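If you read the sequences in order, they're chains C and S. Heads up: the first sequence begins at 1 in the numbering used here, then just goes up one per residue. Heads up: the second sequence begins at 1001 in the numbering used here, then just goes up one per residue.
Treat the hints with care, as some may be off.
[Claimed, not checked] Subject to a maximum C-alpha distance of 25 Å in a straight line, what follows is the list of computed DMTMM-like cross-link-like pairs (lysine to aspartate or glutamate):
#	chain 1	residue 1	chain 2	residue 2
1	S	K1013	C	E211
2	C	K294	S	D1175
3	S	K1107	C	D234
4	C	K83	C	D234
5	C	K283	S	E1003
6	C	K283	C	D234
7	C	K294	S	D1284
8	S	K1093	C	E238
9	C	K224	C	E266
10	S	K1113	C	E266
11	C	K260	S	D1284
12	C	K214	S	E1090
13	S	K1093	C	E266
By construction, these hints were calculated from the structure, which means they are not laboratory data. In this text, all values refer to a predicted model and were calculated from it rather than measured experimentally.
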Amino acid sequence: MEKEKINIAIIGAGAIARRAHLPAWKTIPDANVSCIVDVDQNLAQKVAAEFDVDRTTDDIQMVLDDSSIEILDVCTPTPTHHKIMLDAIEAGKHIICEKPLTSSLKDSIDIYNKYRENTEKRKISLIYNWRYQDNIREALNRRLGKKPVGDYISLHGTAFSHIPVGWTSNTWLYHESAVLYDFTPHLIDAVQWLVDKPAGTVFAHGKEFTENAKFLSSAQIIIKYENGPTAILDTSWEINSNQFNIDVYGNCGHLHIDFKRDNFFEFHGAMTPLDELRCFVKKMKNIANGIVRKNISTKMLLAYRPLFNNFIQAIKEDNESPMPIEREIWVGTILEAAKISIKEGNPISCRELLTNVRDLHKNS
Amino acid sequence: MMEKVAAVKSMYKNVDHNLAKLIGLAGGTPVSSGDMLAIKINMCDARPPETGTITHPIFLDALLRYLRENYEDLNIYVVESDATVVLADEFIKWFGYMPVLERWGAKWFNLSKDEIINTEIKGNFLKSVSVPKILKEAKLISLSKLKTNSLSKITCSLKNQFGCLPIRQKSIYHDHLSEVIVDANLAMKPVFSIVDGILAMGGARGPSFGTPIHANIILAGHDPVAVDSACAKIIGYMPEKVKHIKLAEKCGLGSIKHKLTGDKISSIDFEIDKLTAVQSFVADKIKKIMRQSSRSKWKKKK
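Based on the provided sequences and hints, a complete structural model is requested.
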């Protein structure tokens, strides 16, 4: 007997839907993408034809009213998420949403509150695919519980990429805090996942792209955890080296997580030539594997599949979402604190910021 | 008679004076008062002028000043098109060109947004080229950069016309780049070519991620093939070994043989490491194959 499939509507037919979401959904036997929603119907129809999707519409309400559609997969630009998420929660849909949830903490809390007011049986998950890659997830799940590097002293994260002009011709990304809302949420999410406690204070410095392009293109963020480590995150659209790493330094060792290559290294004590050789061999094996499997440049996108699978399992078995909305509030708080810190030049207390924004929300 | 290519040593701070000298040495521009001009700058990536990737706004400023001071009633357009990693309408604002255009009464024009005139050519890869209408009406001046290119060895005057093709996804032509560069020039040949080599680019990762080279030189000429041949020599290549230059000559676009006039150019190290160049070329090919196969993967699984 054929398994009952869960119907999904893709909201937004842009680059991320075409390059990551649709290819991933198409490989999941339990999933059926039944509709693509986009204001640009030409684009929606072109994408629907490419991925064998039956229906397209420019009317999101039609999808919200359609009880056969259980999951909304939100792939639209971040500024549109707030309204779509509120409406989708109201309509009682499960939602999986591209990161970041919003570009303002107030809007994220708004969505969180709406979610809490409505039935919590509905699942929401954000998409943080970096730490959902096979090797990294497996290695960290196997090792993290054992605290192999002891107490964390510091975490150094880098997200260096090209400015996303080749990814999309859309220009909404180039708002005031631009680079903070591209790959930085991935870094923050991964650090939060590793440290697993709310951040204490955030101090950040930023650089605008050019004198005439006044959006943040580089930022350095220092996150101090209360009674815990310090994370130093360096993110840039100007350093085009395509590096997405986190180094975790503990009092008993060092973890190097290479998100781009889905690779994980563990070192203890002083680095010896043997360590370097072991590391080199592992890197070469990983690259050779990538070439043989033809996924060397798309590993991070391939992680959508296990993430979507887990989301479907969470729905079916009523488990916790892979990336629950509560965690997004942590990420959003750090991003907001970094934004304010860059403007004001002061460290920002995350606890105070969260309280202030919640109060602001209550009063409004 | 051998084509004349002028070369003058210059810094950005004294480029106004040196550009006038350069143009004089090249025999003047084929511009007349009242002409409509399209000045094709090079904005090939989202990299500020200080990286050596794009035509420096100071250099454009010097050319516009020269044109305004020497001719009357010119209708000047500064042009570029969208490309795989180019949002031309944004870049023209981001990288400081707009105040320059405003200062000299020039207009910005995105070639990707123009009406297309399909032009039949006896091409090497293309049989017909989509030519933006403005380039049929205006005299085209190429204002390019002196740079290495991991795919075509050099990117100077001839390659600049590849950037006149209005299609955004120009990377589809990268497998036949030399042929398409020549085809673009067959349909859109500049009347005058000027090369900004003050802050040039070397190394194997050009035209966007190479090493900034302070070559402090500017070049100009009426024949883009001759200008590119001079540029190739400066960078360290024999012009006959650069496929698109050789092919351009064969197609009658100009002559590799040229007479260099002006300042004596001493040797400049453009940091061309052949091994790195091969590595970069192979890496680009692998990446392309991987991308294509991963996008078609799910289709095969159906």
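For each hint, the structure was consulted:
no. : hint               : result
1   : K1013(S) x E211(C) : 19 Å, holds
2   : K294(C) x D1175(S) : 20 Å, holds
3   : K1107(S) x D234(C) : 39 Å, violated
4   : K83(C) x D234(C)   : 31 Å, violated
5   : K283(C) x E1003(S) : 53 Å, violated
6   : K283(C) x D234(C)  : 23 Å, holds
7   : K294(C) x D1284(S) : 14 Å, holds
8   : K1093(S) x E238(C) : 17 Å, holds
9   : K224(C) x E266(C)  : 24 Å, holds
10  : K1113(S) x E266(C) : 53 Å, violated
11  : K260(C) x D1284(S) : 17 Å, holds
12  : K214(C) x E1090(S) : 12 Å, holds
13  : K1093(S) x E266(C) : 46 Å, violated
The structure does not agree with the numbered hints 3, 4, 5, 10 and 13 stated previously, though it agrees with the rest.
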